[in-house]
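*Asks:* Please build the complete structure, drawing on both the sequences and the hints.
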Amino acid sequence: MKTTKAEAGRIEVPAHGYAPLPGVADEMIDADGAVRPVWRHFLAALGRMDQTELAGRFARADRYLRDAGVFYRSYGKEADVDRAWPLSHIPVLIDEAEWTGVSRGLVQRAELLEAVVADIYGRNELVANGLLPPALVGENAEFLRPLVGVKPAGGHFLHFVSFEIGRGPDGNWWVLSDRTQAPSGAGFALENRVATARAFSDVYAETHAHRLAGFFGAFRDTLQASRQSPEERIAVLTPGLANETYFEHAYIARYLGFMLLEGEDLTVVGGKVMVRTVAGLKPIGVLWRRLDASFADPLELDQNSHIGTPGLVEALRAGSVSIVNALGAGIVETRAMLAFLPNICRQVLGEEQIMPSVATWWCGQETERAHVAAHIGRMVIGPAYSTRPFFDDEGRSVLGSTLRETARDSIMEWLASDGAHLVGQEAVTLSTTPAWVGGRLVPRPMSLRVFAARTRDGWQIMPGGFARIGAGDDVAAIAMQRGGSAADVWIVSPRPVERSTLLPADRNFTRTMPGSLPSRAADNLFWLGRYIERAEGALRILRAWHGRYAEYADPGQPLLKDVTRYLDALDIDTAEPVPTSLIRNIDSAVFSASAIRDRFSPDGWLALNDLSKTARRFHTSIEPGDDATRAMTVLLRKLAGFAGLVHENMYRFTGWRFLSIGRYLERGLHMTRLLGHLSGEDAPDGALDMLLEIGDSVMTHRRRYAVATARLTVTDLLALDPLNPRSVLYQLNEIKNEVEQLPNAFVNGQMSPFYREAMRLHAGLAVMTPEGMSDRIYGRFETELERLSDILGQTYLG
Amino acid sequence: MLYDVNLTIGYRYDTPVSGGRHMVRVLPLSIPGRQRLVAGALSVDPAPGERADRTDFFDNPMSSILFRSPHDRLDIRMQARVHVETPEPAADFSPPVSGLAEDIAGYWSLDAGAPHHYTGASPRLPACPEISDYARAIVTPDMTIRAAATAICARIHADFTYDTKATSVDTTPREAFRLKRGVCQDFSHVMIVALRSLGIPAGYVSGFLRTIPPPGKERLEGADAMHAWVRFWCGRVNGWMELDPTNDMPSGSDHIVVAHGRDYADVAPVIGVLKGYGQHKTTQAVDVIPVRQTA
Numbered sequence: 000m001k002t003t004k005a006e007a008g009r010i011e012v013p014a015h016g017y018a019p020l021p022g023v024a025d026e027m028i029d030a031d032g033a034v035r036p037v038w039r040h041f042l043a044a045l046g047r048m049d050q051t052e053l054a055g056r057f058a059r060a061d062r063y064l065r066d067a068g069v070f071y072r073s074y075g076k077e078a079d080v081d082r083a084w085p086l087s088h089i090p091v092l093i094d095e096a097e098w099t100g101v102s103r104g105l106v107q108r109a110e111l112l113e114a115v116v117a118d119i120y121g122r123n124e125l126v127a128n129g130l131l132p133p134a135l136v137g138e139n140a141e142f143l144r145p146l147v148g149v150k151p152a153g154g155h156f157l158h159f160v161s162f163e164i165g166r167g168p169d170g171n172w173w174v175l176s177d178r179t180q181a182p183s184g185a186g187f188a189l190e191n192r193v194a195t196a197r198a199f200s201d202v203y204a205e206t207h208a209h210r211l212a213g214f215f216g217a218f219r220d221t222l223q224a225s226r227q228s229p230e231e232r233i234a235v236l237t238p239g240l241a242n243e244t245y246f247e248h249a250y251i252a253r254y255l256g257f258m259l260l261e262g263e264d265l266t267v268v269g270g271k272v273m274v275r276t277v278a279g280l281k282p283i284g285v286l287w288r289r290l291d292a293s294f295a296d297p298l299e300l301d302q303n304s305h306i307g308t309p310g311l312v313e314a315l316r317a318g319s320v321s322i323v324n325a326l327g328a329g330i331v332e333t334r335a336m337l338a339f340l341p342n343i344c345r346q347v348l349g350e351e352q353i354m355p356s357v358a359t360w361w362c363g364q365e366t367e368r369a370h371v372a373a374h375i376g377r378m379v380i381g382p383a384y385s386t387r388p389f390f391d392d393e394g395r396s397v398l399g400s401t402l403r404e405t406a407r408d409s410i411m412e413w414l415a416s417d418g419a420h421l422v423g424q425e426a427v428t429l430s431t432t433p434a435w436v437g438g439r440l441v442p443r444p445m446s447l448r449v450f451a452a453r454t455r456d457g458w459q460i461m462p463g464g465f466a467r468i469g470a471g472d473d474v475a476a477i478a479m480q481r482g483g484s485a486a487d488v489w490i491v492s493p494r495p496v497e498r499s500t501l502l503p504a505d506r507n508f509t510r511t512m513p514g515s516l517p518s519r520a521a522d523n524l525f526w527l528g529r530y531i532e533r534a535e536g537a538l539r540i541l542r543a544w545h546g547r548y549a550e551y552a553d554p555g556q557p558l559l560k561d562v563t564r565y566l567d568a569l570d571i572d573t574a575e576p577v578p579t580s581l582i583r584n585i586d587s588a589v590f591s592a593s594a595i596r597d598r599f600s601p602d603g604w605l606a607l608n609d610l611s612k613t614a615r616r617f618h619t620s621i622e623p624g625d626d627a628t629r630a631m632t633v634l635l636r637k638l639a640g641f642a643g644l645v646h647e648n649m650y651r652f653t654g655w656r657f658l659s660i661g662r663y664l665e666r667g668l669h670m671t672r673l674l675g676h677l678s679g680e681d682a683p684d685g686a687l688d689m690l691l692e693i694g695d696s697v698m699t700h701r702r703r704y705a706v707a708t709a710r711l712t713v714t715d716l717l718a719l720d721p722l723n724p725r726s727v728l729y730q731l732n733e734i735k736n737e738v739e740q741l742p743n744a745f746v747n748g749q750m751s752p753f754y755r756e757a758m759r760l761h762a763g764l765a766v767m768t769p770e771g772m773s774d775r776i777y778g779r780f781e782t783e784l785e786r787l788s789d790i791l792g793q794t795y796l797g
Numbered sequence: 000m001l002y003d004v005n006l007t008i009g010y011r012y013d014t015p016v017s018g019g020r021h022m023v024r025v026l027p028l029s030i031p032g033r034q035r036l037v038a039g040a041l042s043v044d045p046a047p048g049e050r051a052d053r054t055d056f057f058d059n060p061m062s063s064i065l066f067r068s069p070h071d072r073l074d075i076r077m078q079a080r081v082h083v084e085t086p087e088p089a090a091d092f093s094p095p096v097s098g099l100a101e102d103i104a105g106y107w108s109l110d111a112g113a114p115h116h117y118t119g120a121s122p123r124l125p126a127c128p129e130i131s132d133y134a135r136a137i138v139t140p141d142m143t144i145r146a147a148a149t150a151i152c153a154r155i156h157a158d159f160t161y162d163t164k165a166t167s168v169d170t171t172p173r174e175a176f177r178l179k180r181g182v183c184q185d186f187s188h189v190m191i192v193a194l195r196s197l198g199i200p201a202g203y204v205s206g207f208l209r210t211i212p213p214p215g216k217e218r219l220e221g222a223d224a225m226h227a228w229v230r231f232w233c234g235r236v237n238g239w240m241e242l243d244p245t246n247d248m249p250s251g252s253d254h255i256v257v258a259h260g261r262d263y264a265d266v267a268p269v270i271g272v273l274k275g276y277g278q279h280k281t282t283q284a285v286d287v288i289p290v291r292q293t294a
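Chains as they are written, first to last, in numbering that gives the first Met the number 0: chain A, 0 to 797; chain F, 0 to 294.
For the record, the hints were derived by calculation from the structure and aren't laboratory data.
Please note: incorrect hints may appear among the correct ones.
Simulated pairs of lysine-lysine, DSS-like, Cα-Cα distance not exceeding 25 Å [claimed, not checked]:
no., chain 1, residue 1, chain 2, residue 2
1, F, K280, F, K164
2, A, K271, F, K274
3, A, K281, F, K274
*Replies:* Written out as structure tokens, the structure reads:
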């Protein structure tokens, strides 16, 4: 049946009462009020779903994001918090033909930006020929002088860039800002896709939306090919877990199979960037940096940086490492540069810009300043050196039309006195796209972040992206820190699309082993193991203490007094039912774990956080005695939950060994110390029973020996029994087994110092008898265990 | 004047450091018409694992050194013979303060001597409204650049007390300005911020100053120290000129230039990143010895 355009609109739109705003372009409804063809199938499908079904679908997407651990960091007044990812569940649909035009414009722009960066750090002809005012470079904090004259390995400055684009009222696309420093969002785009496809799995399967994997695969292959030798590793360089997009760094590294490193992991030797691993220094061929360039080298760039690598600039000068993107490339993000790009494009590329930037005037020039002043009502006035789009620069830009007459005068004065630091930009109205708010579709302003990667076949544009959706009608509310949300972008083809995946295409399956473990990660795993075990040890002692306290109701009772003294030496205060030092200890475990979050299943991470939250809640709410005993049991169960998840799910390789050695070592120390204190001849009454309880060996003892405890049987079971997983000997045996399989366990056919020490310690205890154990002997083993930890640090973690 | 300059910078570490990387800028510059490095050498003890000598963006000679093995001390020694020209008193042809912007905008280059590097904020010198107000009260728009800079230099010298205890190497210009105390680094930083606030491009000069012993006293060996002063741009025709706010004088044949930069961060004699824990002590000894020339 033939339907007219108007009919198509009339039938489909009212389904959800969607009405675009007057004078504003809309992604779903065209200028004539009809639904754009690319949306029809999606909208029709949406129309068949009722509120309950939709709620279920959205919940599916949210659950995926929560389970995958997708978060972003919000900088608050009191504390920075991880926030749930704000997904706007309705994707933005764009027609493939239109996207081809967008891509063409952005490829040209990537080429143009490359030419500008190469010139600024190279021949400097743009300035010499009057195409770029020298002040915009000379006063620019992103002009990194130590990089001037440094030619990037491989010849290119830019490899991965993004653009913020928006659609104006006339339907055409504009570039709002460029990201060349360390663009974020590509990983979030992937996660948005997975989540949105979960919500609309049926519709997605029927829609010919371009897949994203091919784009990432092409970039990964290009980076791999750009290494100077196959031994070289590729790494994502992150500023660390305090960064707002750390999740994404970890995600991209995992998705593409790259190492995730921090500046501290790297060292520069002989002009070559190396990663410190537990198997020694290994060469790095490509660094995909996610930290701002000025922090990258405290020696030659920002001297206050604590997250950089001294000597990195020297390595770049030597051309021994590729960096994505070149240090200093951030200079072309400068807002005032937009004013000069059209002319530079004409002069350097010999063409007009295919996709224009939002019209921009640098007020450091008299004519331009006068123009901005004369048209102040349609201008946004903002900082010339800002690198963010006007709607996302923390309110540092002023919308001319919102000014009262009196305020306008002061703006004029501002322009006259500080013009060189200001730009005027045409106040653009962004298009709207449907968002699901309060049970219906409503139009919300939108901008798109689009990604471009340099591949062996030239620049490729990701067929999709990351749509930022405003929280209200106000364009300024697009910023996520101000309540904006993110949506998936479907580039829809009329034909079936290629379903690429990142799995290797060759049929012969090869099993790859994980690469070398960075020393810092090993250090964090080792200490995570120690902190977790230390928390468990403290919890077990405290539970036993409070159990007896409930019985005697007298902290002066000899055994309680004795154990209180013991705990005191460990900085555990029994006056607090859930001691502060225990909370600190769990926090340390969380901190170590968060630094290596990419190595954990999200479930493990959630379990650890749950433990931390519960302990904090108990800290203020628990009474001594029975209440505390119950609380310790809950915490022990949660801790066992975490340990179990790690035990069940963690890949048995080097990282696992460091975690395990940390646990065995701490457990061995805990038990050695406790035996030294509580198994002596002069220990108070009930000490042996308490020992068995803390060592979780009451049942075993009863089965193997008798109901009554004796010094020798308890010593045998908790110190020397190789089959009791709580005994000291068991820990030493396990350490020995793990050490055997560490890298460099043998050096030139000889045992490494660490291996030798572990063997010696194990043998020393294995030959002991219960009668021979004394607090002096326990003291000696305690010292030796501490020493073993130090040797491990020197051998693998330095 | 011909000088022999000896400099020793020593570090003593409480606990040995396992490695470290340093950048050293202590060798005097050659500047046509100003000074000439006749001969110079930099030695480092213990011997570094790697060493590379080159010039930085501002054309200062620098050495980058790397240690890979543990060491508990480090001595950097520089010896140089430098010929410094005696400047001839020149008439002031610099443009008025109000007319400089045009000259700056017309300088279409970013070479090391370009004024554009010296107009805005730099790593150690953000703009400071208090110092701007101070500068504006001293200068009138009709003054020439040179007259304005000379007036500010004299005023800082008069208002500030030289005090080696009041500030440290990390003191900000704002702190030093509020204290009205400090050493050559503080005097120079405040003066640079003041000049930039008036639109005059200004930079930091590190170097050596020959000290004349008090009458009747002998020159003490090693008693000299590294010094710092200011240079500023007087427009296309006049170029760069130097003033020493610590001594309220134009630089003369007693000022030996080691490095040019935007502020101390660009020219610090030694920048280092160490691998290790614990404290260290630093010592510095400088001798600037005039060499008698036999004709």
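*Asks:* Take the hints in turn and mark each one as holding or not.
*Replies:* Cross-check of the supplied hints:
no., hint, verdict
1, K280/F with K164/F, "holds (17 Å)"
2, K271/A with K274/F, "holds (18 Å)"
3, K281/A with K274/F, "holds (19 Å)"
Hint check: no violations occur; every hint is consistent with the structure.
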